[in-house]
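There are 2 protein chains.
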Amino acid sequence: MTIIGVDPGFSVTGYSIIKKKDRSILLLDYGYLSLPTKKHLSERVGIFYTSIREKIIRHNAECLTLETSFLGKNAQNFLKLGYLRGILYLLADQHNLSLSEFAPREIKQAVTGYGGASKDQVARVIMQLFPRMPVPKKQDVTDAIAISLCGLWRTPIVKRVN
Amino acid sequence: MTIIGVDPGFSVTGYSIIKKKDRSILLLDYGYLSLPTKKHLSERVGIFYTSIREKIIRHNAECLTLETSFLGKNAQNFLKLGYLRGILYLLADQHNLSLSEFAPREIKQAVTGYGGASKDQVARVIMQLFPRMPVPKKQDVTDAIAISLCGLWRTPIVKRVN
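Chains D and W, in that order, are what the protein sequence lines are.
In this text, residue positions in the first sequence follow the working numbering: the first is 1, and each later residue adds one.
In this text, residue positions in the second sequence follow the working numbering: the first is 1001, and each later residue adds one.
The set of hints was computed from the structure by calculation and includes no laboratory data.
There may be inaccurate statements among the hints.
Okay, the calculated bits of chain D under chain W, using three or more residues with CB under 8 Å as the criterion [as the list claims (entries may be wrong)]:
(1) 51 to 63
(2) 85 to 94
(3) 143 to 155
Cβ-Cβ distance ranges computed for the label pairs, FRET-style [claimed, not checked]:
(4) D/53 x W/1047: 56 to 62 Å
(5) D/154 x W/1114: 49 to 55 Å
(6) W/1154 x D/114: 50 to 56 Å
(7) W/1096 x D/134: 25 to 31 Å
Owing to the predicted nature of the structure, the values given are computational and were not obtained by experimental measurement.
Glycine included, C-beta positions come from ideal geometry on N, C-alpha and C.
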């Protein structure tokens, strides 16, 4: 099972692609995407679509995992986050990915054993799980890895064949 | 200039395609789209993308006009409206459409001359402008026509050649 976890945002989008192989978890790809602030919003949305699409195709992802969003201080930013989430939903439909969403607490619980864990604590556990990975520049990356791991551990296995 | 106006929504999306030809305005297409409530959200997003894309291609639309959204009572519905808006932004990028957004007051002002006009008043003006059009079943349709008209009247003309 190959899972892509995405933590979308217009300034920074973290992504992670993991694969379960026998008893181990392979970290196939991870990183972040910064959308050029000077371009029109529609162009940024287009770049986001193309970039994530390319990751899905290259790694043959089967599942997409996201974190549930909650309204913060800025309603317009929340709406714009919806634009990127809409693109991810479209990609799930176009590439036949099963889609799962988890609340932030569930993700922290799955990864650290504690739902109230800080982002630092999440990052530390991720670094322990993948000790050969260099420390990512942005915490959005460890967040995205946590999201994909939660997707792997918490999604009921549908296909047992293959 | 061919303009598509869209009033997106998961239950009903109104759309309208108008074209300015000499001094008259042609109403090329209008109607509404209801996304099947039983399908998964990602499938509904996919159907929305395919349906609007088909309208853009068929009528060779050059501009997309939208109404600005404001947070209502339900934050999760507002986020989901963002999904559909994100798809429209993506389509604008993919089909090279110029995109303009107007506040509800600006649209009502442009169409009826009064920013505080009711939806009924907007519908009545639309019916006067296009007297041969049968009364639409949903007010989302007259809303979408109003949005496209506002786009036509308020967007600065960029291309003077052709």
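Exercise. Has the hinted range 49 to 55 Å been met by the Cβ atoms of residue 154 of chain D and residue 1114 of chain W?
Worked result: At roughly 53 Å between Cβ atoms, residue 1114 of chain W and residue 154 of chain D fall inside 49 to 55 Å, so the hint holds.
Problem set entry | Outcome for the supplied range 56 to 62 Å, where the beta carbon pair is residue 53 of chain D and residue 1047 of chain W | Violated, at about 19 Å.
Problem set entry | Cβ separation of residue 1096 of chain W and residue 134 of chain D, checked against the hinted range 25 to 31 Å | violated (40 Å)
For this session: Verify the coverage statement for the segment 143 to 155 of chain D against chain W, using a C-beta to C-beta distance below 8 Å and requiring 3 or more qualifying residues.
Result: As far as the segment 143 to 155 of chain D goes, the hint is violated, because 0 residues have Cβ atoms under 8 Å from chain W.
Problem set entry | Claimed coverage, the segment 85 to 94 of chain D by chain W - three or more beta carbons nearer than 8 Å | This one holds; 8 residues, not fewer than the three required, reach chain W with a Cβ under 8 Å.
Exercise. Do residue 1154 of chain W and residue 114 of chain D keep their Cβ atoms within the hinted range of 50 to 56 Å?
Worked result: For residue 1154 of chain W and residue 114 of chain D the Cβ distance comes to about 53 Å; the hint holds.
Exercise. According to a criterion of three or more residues whose C-beta lies within less than 8 Å of a C-beta of chain W, is the segment 51 to 63 of chain D covered?
Worked result: violated (count 0)
Consistency note: the structure conflicts with the earlier hints numbered 1, 3, 4, 7.
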